[in-house]
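Throw the hints in and build the complete structure from the sequences for me.
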Amino acid sequence: MIRLIALLMLLALPAAAQDTPRGGLEAAERFGPATAATVLRLRTTTDIDVLGPAIAAFTAARPGLAVEFEQWGSNALYDAARADCAAGRAGADALLSSAVDQLVELVNLGCAQPWRSGATLALPEARRWRDELWGLTREPAVILYNRRLVPPEDVPRSRFDLLDLMRRDDHRYQGRIATYDIEASGLGYLFAFADSLEATSFGAALEGFARAGAVATCCSAEIIEGVSQGRWLIAYNVLGSYAAARPAPEVGVIAPEDYTLILTRAYMIPRAAAAPGPAAELLDFLLGAEGQRLMAARGLILDPDRGNSGEAESTERPIRIGPALLVARDAEKRRAFIRRWRETFPRPTP
Amino acid sequence: MTEAALTPASRSLKSRVVTGVLSLLLVGGLVVALAAFAYGRQAARAAYDRLLLGAANDIAETIQINDGVPAVDLPVSAFQLLALAPDDRIFYAVRDAAGRLITGLAGDLPQAASTPRAGAEARFFDDRFGPERARFVTVPRRFAERDYSGTIYVTVGQTLRAREAMALGLTRDALIVAGFAGVVLLVLGLVLVDRALGPLDAIARDLSARDPHDLTPMPTGVPAEMAVVIGAMNRFMGRLERQVEAMRNLISDTAHQLRTPVAALRVQAELAAEEPDPARARAMAARIARRSRALGDLLDQMLARALVIHRSDAARRAAVDLREVALGVIEAGDHELIAPGREVALAIGESPVEVMGDALSLSEAAKNLLVNALRHGAGRVEVGAGLEGGRAVLWVRDTGPGPGAEVLGRIGARFERNAAARGTSAGLGLSIARAVAEACGGTLALDPGPAGFRAALILPPLPEEAP
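Sequence order for the protein chains is A and B. Residue 6 is where the first sequence starts when you use the numbering used here, and the numbers rise one by one after that. Residue 10 is where the second sequence starts when you use the numbering used here, and the numbers rise one by one after that.
Hints were generated in silico from the structure; no laboratory data involved. Model, not experiment: these values are computed from the prediction. Be a bit skeptical, because a hint or two may be false.
[To be verified] Incomplete in silico selection of chain B near chain A, CB under 8 angstroms: (1) L91; (2) I99; (3) I111; (4) Y157.
Virtual Cβ for every residue (Gly too), placed ideally from N, Cα, C.
In structure tokens, the structure reads:
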């Protein structure tokens with residue numbers, strides 16, 4: 006019966022989704038020996054050069070195991086995983102995505118399989134759900150600014166400072182503040198949505214962006230580059246790990262003092278995974294001391310010491326992995342949210 | 010070695026009671042577990058159904074009609090409410106009356122949720138959500154706006170992990186409490202059993218400490234259940250006591266009664282042996298012969314009496330027809346030896362006169378009464394049996410006046426000192442008759458009357474058997 010429904014659903018899906026869409030693949034690399042008996046297919050939104058060292062360390066200790074590292078865009082990764090789940094097809098063996106809400110939805114649809122170990126059970130509640138989804142990293146959403154062009158007294162330490170800057174009459178920042186285009190960037194949408202839940206100042210922020218003629222753009226790399234080159238003076242809600250991965254002397258990084266959103270990349274083992282055992286092994290490795298150290302070296306894990314130093318502790322707002330993120334995935338909600346956002350950031354004319 | 014140690018004792022009362030209490034607790038524990046699980050499931054269902062309904066109402070609240078199109082601003086609070094069951098997957102769908110999806114999870118609808126039914130009430134149902142079982146609620150919200158009229162259905166569902174965890178938790182808690190209660194009850198039960206069986210130990214101690222010759226009754230201040238045993242034991246010891254007493258009496262009576270006449274006989278025999286005058290010697294021998302005959306009679310009666318008293322405690326009782334006893338006494342023909350020529354008649358009726366008793370003892374009593382009448386009475390002697398005023402009576406009557414008041418007053422004494430000396434034993438005969446009457450639960454009645462003297466055993470009759 007369930008198979009029948011799944012089949013019907015499959016037929017109802019657009020033709021493009023019937024086969025695993027390969028269009029989302031951005032880069033791929035194989036770690037481990039070519040003759041390995043077992044191959045673990047890891048599909049992730051994380052760049053190979055960021056996560057690569059950890060994966061290399063993982064395969065180095067396991068001679069019979071190779072990891073097929075696939076770097077995907079988050080939406081394509083979600084579409085592929087959902088299609089695989091509906092078809093009961095073995096796609097990837099492990100998913101690691103920064104679009105946490107998408108993976109929450111996959112888990113909610115019953116597309117994941119559970120795994121319990123000492124490492125997963127040691128995670129705080131905000132970073133695991135149903136023992137089927139785990140948050141591996143701690144990455145802050147930060148404000149970037151150009152050190153050269155923004156005078157020290159103007160550097161915004163919090164959202165309120167940013168609001169004040171945007172309301173200034175000297176038009177110094179007019180058109181020179183950037184943030185993610187939430188329609189194009191799943192991560193931008195997630196941050197904006199979390200902001201709307203977190204603070205009543207979100208409406209004021211939108212208004213401020215509108216006044217300052219803020220620019221919405223799609224990609225982390227583009228934003229960081231823009232700030233570095235002085236095209237934009239300030240960028241709001243940029244994933245801190247990207248800034249850390251592309252160090253540029255001109256770019257200053259601020260964790261907002263009113264509150265800092267903390268994203269955790271989510272790891273999931275699909276229900277139909279061909280190699281769930283190695284996938285669980287990789288999970289335990291990445292949660293273990295060595296995996297965490299290697300990821301921290303690439304800026305994926307916010308130094309926990311910062312969290313322990315006085316007031317900073319109370320300003321961290323982790324984006325909790327849990328069913329509340331389903332609201333962000335709701336089509337109607339998303340439409341309404343984007344409509345509201347579009348009033349501030351008109352669709353860029355191509 | 011004691012006798013008790015030789016026969017293996019059957020299971021002790023204490024172990025029986027403990028086994029009983031244990032099995033009671035086990036059965037009780039099982040019942041408690043089942044009841045707790047049923048209750049836990051019900052409680053969990055009630056609690057989480059409320060969450061579900063709250064979330065559905067929350068979502069229904071946010072439905073708005075914008076330009077004739079229903080729109081839902083999905084509230085985070087509804088999902089935070091559902092997230093109180095932290096590990097459960099959530100289904101939600103908002104549909105219009107035609108079943109078109111306004112928002113929610115599209116392709117993964119359970120069957121029942123995809124076909125909303127008309128109704129004004131929230132409706133709960135169970136279905137599958139993907140691979141798991143789940144609980145759903147559908148809440149209708151009616152709109153009667155200028156540009157939109159119809160019912161919109163909000164369906165919210167959730168898998169059952171939290172419910173099951175709660176039900177199991179409640180069951181486990183109940184079982185822990187029940188387990189503690191069980192242990193406490195068991196300990197209390199042991200203490201109570203120990204105390205309840207305390208009197209048994211006291212009785213055992215009393216019996217062990219008792220002198221072998223001590224046949225006095227045991228103290229009866231014991232629980233009712235034990236009183237039965239103690240009563241039976243006391244009755245048994247009473248019988249034993251009477252037997253021993255009777256034996257002692259027989260020995261002492263015999264010694265007492267026989268010593269004097271035997272001494273007299275010896276003296277007379279010695280005198281007779283030395284008597285030179287043959288005529289006097291013959292007369293003396295005749296007297297010795299008479300004396301020794303009387304002594305023989307006395308001995309007979311004493312043995313008979315001992316026999317009667319022994320049998321009154323020892324012999325099994327049976328239904329005896331008193332007419333047959335009377336007939337048997339006459340047919341034995343003893344009277345023809347004792348008093349040849351005396352007229353002896355039988356006076357019995359048609360219907361049986363039955364009592365519970367020992368036929369031999371009753372015969373002995375009747376024989377003694379008859380011998381008394383023949384020896385001490387006068388005229389015609391009648392032996393009879395019949396029912397008088399609801400009592401069974403076995404009697405012997407002569408036409409004489411009966412013994413003097415002095416003799417009657419002594420009836421019942423065990424023996425008469427002078428009986429043997431006088432060569433008579435009327436008192437002893439009556440005493441036998443009386444003992445038999447009392448052994449059968451009746452009395453001995455002696456009635457000197459104008460028609461003659463009547464001695465009667467008045468006994469309780471055997472109840473008429475139901476036809």
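Each hint, compared with the structure:
With its C-beta approaching chain A no nearer than about 6 angstroms, L91/B sits inside the 8 angstroms limit, and its interface hint holds. Here the hint on I99/B is kept, as its CB sits about 5 angstroms from the closest CB of chain A, short of 8 angstroms. Because the smallest distance between the Cβ of I111/B and any Cβ of chain A comes to about 7 angstroms, under 8 angstroms, the interface hint for this residue holds. The beta carbon of Y157/B comes no nearer than 16 angstroms to any beta carbon in chain A, farther than 8 angstroms, and the hint placing it at the interface is violated.
Checked against the numbered hints above, the structure violates only hint 4.
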